[in-house]
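Residue numbers (our numbering), protein chains in the order written: chain B, 1 to 170; chain H, 1001 to 1237.
To be clear, the hints were calculated from the coordinates, so they are not data collected in a lab.
Some hints here could point you the wrong way.
Once the Cα atoms are required to be at most 27 Å apart in a straight line, the calculated DSS-like pairs of lysine-lysine come out as [what the hints assert, rightly or not]: (1) H:K1046 <-> H:K1063; (2) H:K1236 <-> B:K34; (3) B:K51 <-> H:K1039; (4) H:K1063 <-> B:K47; (5) B:K34 <-> H:K1046; (6) H:K1013 <-> H:K1134; (7) B:K51 <-> H:K1232; (8) H:K1013 <-> H:K1063; (9) H:K1043 <-> H:K1063; (10) H:K1134 <-> B:K34; (11) H:K1046 <-> B:K51; (12) H:K1039 <-> H:K1134; (13) H:K1236 <-> B:K47; (14) H:K1063 <-> H:K1047; (15) B:K97 <-> B:K118.
If you want the ones that stay clear, here's a sample from chain H, every Cβ over 10 Å from chain B, calculated [to be verified]: (16) L1077; (17) F1150; (18) I1157; (19) T1195; (20) I1206; (21) T1235.
For every residue, glycine included, the Cβ atom is placed at its ideal position computed from N, Cα and C.
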Amino acid sequence: MTFQILFAASAGHIYLGNTIWYLIVFAILLILVKHYAWGPVSDMMEKRRQKVINDLDSAADNRKKAEVLANEREAALKNSRQEATQILTDAKANAEKTSTQIVAEANNNAASIHEKAKADAAQAKADALDEARAQVADISVTIAEKVIAKNLSADDQKDLVDQFIKGLNK
Amino acid sequence: MERSFVFKFLGLKFDLTGIIGSTLMAAVVLFVCIWLSRKVEMKPNKKQNVLEYLIDFTDGIVKDNVSDPDARRHLSLYAFVLFIYIWFMNQLGLFLEVKVGDTMIVKSPTADPVTTMSFAMMTLLLSFTFGMQKFGTGGYWRNYAEPVSFLFPINMIEEITNFLTLSLRLYGNIYAGEVLLTLIGNSFAPSFGVTTLVLAAPLAMIWQGFSVFIGSIQAYVFVTLSMVYVGKKVTKE
């Protein structure tokens, strides 16, 4: 039988004592290695695994936060740009309005000044006519005095006056 | 074949070679593990990196073959220690073989079928335990009759073949490696004077390097198959 030959090849004995010895040595080795080397190292590996998981999670969180912040900032920027455009548009409209107002006022002023000048001119003309009439009266009186001196009839006098006035109106 | 020093204690036979080798390597494994894990930090230093890489490696073996998360948690430490321990035991005989007269004192403990059978038995007992914890004793026995009842004897035989292949594969590889190394050193080197002595040195070196590779592969295979057997016991097919 192969079995026996194999055993015989080694020492010619079956030594069960060794088996027990191996089991005991292995058990002690198992306990000591677990206590001194395997235990601490695998604990640390597990701890590191947890730390890596935590780090990854927090990194993802941070990225999400940064993304939100960036979005907010972009929105704010867009808003401010819009505001600036609004302000600019308002200012432009205001300026246009003011300018229109100023031009209208100036036009009004010019018109009123024109009107006034016209009225003044008319007034001056009337005044001049009145004055002229008064002077005509004086002149007529003077003429009359002269005519009287020449002894004219009333009709002649009237004709003279009228002719004189007509001459003035021309 | 070489003889070894066997003594009787409490009615049990003890082979000194295996005991010295395994105890020595257990001490080395413990020393290395403690040395690598002196300062355990959140930001790992170089030594811690080595240990973490090893733990990751054996954890990967467990993860690939055991789907049950509860068993996986318990097996992580077992796979780690088993891998390192078997690896060191495989390498021991490559650089240290002590013979007093005709009696072997130190060699690879895994070049001895009793050692490998001990570890294979440990793995199988562990797999029975996990299976019974998971399905209960009745459920565990019923799993042997899955998927059809007439497979029960075949499944029972499979347990024995698992045990034999698991242990004898490791034993055969390491034993053959040592035999060839002994042949090169003891028989080939002095056979034709200086010529073979010079030729034997690189040959022994090449074979030693290859044996380191074989020892690593066998440690990996042993742990992987252990996990496969345990994984099979804790999953319903």
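Evaluation of the provided hints:
no. : hint                : verdict
1   : H:K1046 <-> H:K1063 : holds (25 Å)
2   : H:K1236 <-> B:K34   : violated (30 Å)
3   : B:K51 <-> H:K1039   : holds (19 Å)
4   : H:K1063 <-> B:K47   : holds (20 Å)
5   : B:K34 <-> H:K1046   : holds (20 Å)
6   : H:K1013 <-> H:K1134 : violated (36 Å)
7   : B:K51 <-> H:K1232   : violated (34 Å)
8   : H:K1013 <-> H:K1063 : violated (38 Å)
9   : H:K1043 <-> H:K1063 : holds (25 Å)
10  : H:K1134 <-> B:K34   : holds (24 Å)
11  : H:K1046 <-> B:K51   : holds (20 Å)
12  : H:K1039 <-> H:K1134 : violated (38 Å)
13  : H:K1236 <-> B:K47   : violated (33 Å)
14  : H:K1063 <-> H:K1047 : holds (24 Å)
15  : B:K97 <-> B:K118    : violated (31 Å)
16  : L1077               : violated (5 Å)
17  : F1150               : holds (27 Å)
18  : I1157               : holds (15 Å)
19  : T1195               : holds (32 Å)
20  : I1206               : holds (26 Å)
21  : T1235               : holds (24 Å)
The structure shown violates the earlier hints numbered 2, 6, 7, 8, 12, 13, 15, 16.
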